[in-house]
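Peer 1: Sequence order for the protein chains is A and B. Position one of the first sequence corresponds to residue 1 (our numbering), numbered consecutively onward. Position one of the second sequence corresponds to residue 616 (our numbering), numbered consecutively onward.
Hints are computed from structural coordinates only; laboratory data are not their basis. Do not take every clue at face value.
Derived pair list, reagent style DSSO-like, types lysine-lysine, alpha-carbon separation capped at 30 Å [what the hints assert, rightly or not]:
| id | chain 1 | residue 1 | chain 2 | residue 2 |
| --- | --- | --- | --- | --- |
| 1 | B | 631 | A | 447 |
| 2 | B | 960 | A | 174 |
| 3 | A | 252 | B | 822 |
| 4 | A | 447 | B | 644 |
| 5 | B | 960 | A | 159 |
| 6 | B | 822 | A | 264 |
| 7 | B | 960 | A | 253 |
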Amino acid sequence: MPDKKPISSVNDFVVRFANVNGSGSASANEMFARAILRHGVPVSPRNIFPSNIQGLPTWYEVRVTEAGHLGARGGVDMMVAMNPQTWDKDIAGIEPGGYLFYDSTKPMPSTKFRDDITVIGVPLTAITNSTYTDPRQRQLFKNIIYLGSLSALLDMDPKLIEQLIGEQYKGKEKLLSSNVHALHLGRDWALQNLKCPIGLRVKKSDKVGDRIFIEGNSAAALGAVYGGATVCAWYPITPSSSVAEAFTAHCKKYRHDPATGQAKYAIVQGEDELASIGIVIGASWNGARAFTATSGPGVSLMTEFIGLSYFAEIPAVIMNIQRAGPSTGMPTRTQQCDIIACAYASHGDTKHVLLFPEDPAEAFEFAAAAFDLAERLQTTIFLMLDLDIGMNHRLCRPLKWDDSKQYDRGKVMTAEMLDEGRDFGRYLDVDGDGIPYRTYPGTHPTKGAYFTRGTSRDRYARYSEEGSVYADNMQRLVRKFETAQDLVPRPLQANAAKPTKYGVIYFGSTSPAMDEAIGLLETRGHQLDRLRIRAFPFHSSVASFLAEHDFVYVVEQNRDSQLRQLIVNENGIDPVRLVPIVHYDGTPITARYIAKAIGDHQDHLKVTPLRKAVS
Amino acid sequence: MTYIAKPKFHHPGLKKNELGYTHRDYEGKISTLCAGCGHDSITASIIEACYELSIEPHRVAKISGIGCSSKTPDYFLGNSHGFNSVHGRMPSVLTGANLANRDLIYLGVSGDGDSASIGFGQFAHSIRRGVNMTYIVENNGVYGLTKGQFSATADRGSKSKKGVTNTDNAIDLVAIALQLGATFVARSFSGDKSQLVPLIAAAIGHKGASFIDVISPCIAFNNHAGSTKSFDYVREHNDAVNRLDVLVGRDPIAVDYAPGTVQVVEQHDGSKIALRKIDADYDPHDRLGAQTFLQKHAAKGQIVTGLLYVDPDAEDLHAHLNTVETPLNSLEADTLCPGSAALDKFNASLR
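Modelling step: build the complete structure from the supplied sequences, incorporating the hints.
Peer 2: Dropping the structure here:
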C-alpha cells in the first residue's frame, strides 16, 4: 500500500500516456478519450509530441472533467508509462496518491517507483507476444491491450469502446474483430488479476450534450469551405499543415460538381511560403476567395507580399497556427507569439487585421468571416490560431451556419456600374470609410482597368512619387483600419459577481484556462472583470475597459507580453496599469498557473502597511 | 510608368482588325525606358501580336515583377488590368490569377534579374505546373535599374560596361524551361520583330506553359564590346532554327512554301503555326533534341532562336486539377457553401 491515500475521484482526473513516437499509440489513446466522451463525460485531450517521426518521447494527456473545464489542468493523476526513456520524469510528474500503470513483463527494481503512488503492473509485452507473432501487430495491439486494461481499472463500459472500434473499422471486419479481441485480452487480464476499479472512475453522465469533438485546424478549414474559399495555396509546416489537408478533404466531400466530378476549388502546394501567398494574392486580385495556412516562420517569409496586400489593397486570408518561436523554436509546442509580427507585418507603416478564435467553433466562424472581411476591407486578414487549438481535439458547441447568408464581396464596381458613368478611381474614398472600389480584371472593354502596384500612386491608380499624394493614401489606409474596428468580432466582457477595480484581458486558446482560473481566484477572494479580445484593431470597448479598472492583467502565452504591447501602443495608456501574466514554455497555459500568478499579485495589492510608530 | 498619357486621338484611317480595334487600342502609356531599349521593341511586338490575333484587350491580364522589364506592361494594352507585383514573384501571382479565372489570357512579363535570380524558383515551379500563360523574359543580362550589375544570365567571360569580367556561369532559361517541361519554348531577339511577333502570337494560343526568352539589349549598361547581350553581338551570332506564321480563323490553311520545308502545328484553340524550317534537321517536337541542339550551339557561342519546342497537345494546370469550366471567381454562395443541413450531418459525425 502506498504511504499516501490513493486519489479517489469520479469523472475528474488527468491520465497521461507516455509513449515512443511512431509506436502507433495515437489512435488507441485518442480512442480512450473518445470512449470517455461516449460515457457523457467531457474530456480535454492534448497531444504533446516531438518534432520528429520516430523514436523520441511523445505524450497524450486526457483531462476527464465532468465540470467541463477544457483548459489544461496541470499535474497527472494516472501515468500510463510506456516509454522507458522518460520513466523517471514521468514518475516524478504523478500527483501524490496517484497511479502508475506500466508494462510489468520485466521486473523493475523498487527504487524505480515512488512510495506515495499506487503501482499497477500489467505484463503487456508477455500478453502481446503470446498472442501475436507479427512484430507490427505486437506493437499496435499492445496499445489496444492497455486500453482494455484501463477500461477495467476505470470501470468503463467496454461496449462503448467496441462501438468506437466498430465505427473506425467499418467495412474492415478482420481489423474490427482483431481489435475487439485485443481490447478484451487486456480487459480480462486486469479483471482477473487486479483490483478493479481503482479510485479513479468513469461514471456515465450527461454533461457532453450536443457538443462536438473536433480539431481547430479542421474546423478552420471547414470555415474556409463555408466562407467560399476556392483557392488554397500552402506550404507544409507544423502545426498548420492539417489545415490545408483538412480543406482538401472537406472540398473532396462538398465541392465536386455531381454531374462532371470536376472540382469547384483549386489547391496548390506551393514551392515555399512566398509562392503560396503570391498565389493567394493573385487569385484574390482576380476576384476569387483565397487563403493560405502557415506558422510563424512562414509568416516571416510572406511579409513582403503582406506589405503589398496592405498597400495595393488586395484581399488575402492567412491562417497562422502559431508555435513556439523565434526561428525554428519548438515546432511542435504551442505559443501565442506572433501577435506583433502579424499586426505590423512587413516594412513601412502597416497594420493588419487579426482574429483570435478561442475554440474550434469560433475557428470555423472566424475563418468564414475572414473572407468577408478580406474582401470588404481589401487587405490581409490573419486568423490567429495556435497549436493548442489547431492540433488538439476540443469539445465545443456545434458548428452553425445561416443559410440566408450571402458573401460580402465588398466594393466591386461592375460593368453596369461603369456604364452608368460611376467615377472609378481605384483608390478614391467615395464613402468616407477609407475603402475604395475595385474592379476585377476583364470587367469592361474600355472602363475600369487599372494598374496594381506596390509603388505609390494617386487616387486613380496613376503612379506618383508626390509626397502629398503618398500621405493622402496613407491617411486613407488609417481611416480604413478605423472602419475595421466595427467590422471585426467585438470583445466579450464578463463582470465579476461583485464590483471590482481589477480586470483581466485574454484571448484565443487561453480562454478555457482563464474561465477556470476565475473560479479558483474567487476561492482566494479575488474578483476580476474579464474581457476576451477577439480581434485587432481593438474595438473602443477595450479602451473603456482599461479606463474602468485600476489594474488590468493581460494573460498570454509568450515571453514579451505581445498583446499588452499592442494595447499600450494602440491605446496610448500607462503601461504600469497593464500587468503581464505570461507563460511561454511551449505547454498550454493552465488554470492553476493563471490563478497563482494573478492571485499572488492581488495578494500583494491587499497588503496593509504597518501602522506608523507613534513618536 | 509615366505621368504622360498618350493623346486619345485616333487617325480615322487606321487599319482595324476583325474586332474593329486599331493598333492604338493595344497600346498603353508612353514608355519611360531609355531610348533604344530592347524592351520597347518587345512591347511593340506584344501589341502587334495581340492586334493580329484580334484579342479583346481587356481579356488579357498582364502581370510582372519588378525591374525595367516589369515596367513594360504599363506600356501596352492600356485597357487591361496590370499587376506590378514584387521582385521575382510574378509567376506565383499569375498562377493565382489564372486559378481564379481561367477565361482570361495571362501574359507574364519578367526580366533576367527577376526570373533567373530572385525569382528562379517561381519561374521553375510555374513552368513545371503547366500554368496556361505566356511567360516572356526580357533578357538583357544586366541589372539596369540599379545601374549595371551582372545578372544570372550574363555569359561567363562577358564584360560589364565598367570592364569587369563575369566569372560566373550563365543560367540558360530556355534550357531550364525545356528540362522543366514547358510545352512551348522559344527564344528570340528584340530586334527581330518578324520572328518575335508570330512567336508571341503562337505562345498566346498555346494552352499550357509557354516560355519565350527574348534577348533584349540594355542600351545604357549592356550594349558594348565584350557584352554577349548587345545588339551587335546578337545580330552576329543569331542562328534561327525556323521562321513561323500563326494562322487563325476558319478558312482553309493555305501554305505556299515548298514541300518538306514547312510544318503546320495545330493548337488547342484552333490556331495553326506554320513553321518554315531553316535548319532541315530541326524537329520542334523533340524535347531532348532541342536540349542537345541548344547546348551544341551555345558551346559555339551561337544564340539559337525560333520555336525550339512545342507540344500541341499540352494540358494546363486547370486540367491537372480538374477544375470546373466556370471561373472560380464567379462561383457564389449557392454553389460553394454546403449549407446548414450538411453542417448538421458533419456535427453529428463528431459526437
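Peer 1: The structure should be examined with respect to each hint, and the outcome stated for every one.
Peer 2: Hint check:
no.: 1; hint: B/631 x A/447; verdict: holds (20 Å)
no.: 2; hint: B/960 x A/174; verdict: holds (28 Å)
no.: 3; hint: A/252 x B/822; verdict: holds (26 Å)
no.: 4; hint: A/447 x B/644; verdict: holds (15 Å)
no.: 5; hint: B/960 x A/159; verdict: holds (24 Å)
no.: 6; hint: B/822 x A/264; verdict: holds (21 Å)
no.: 7; hint: B/960 x A/253; verdict: holds (12 Å)
Against the hints set out earlier in the document, no violation occurs for any number.
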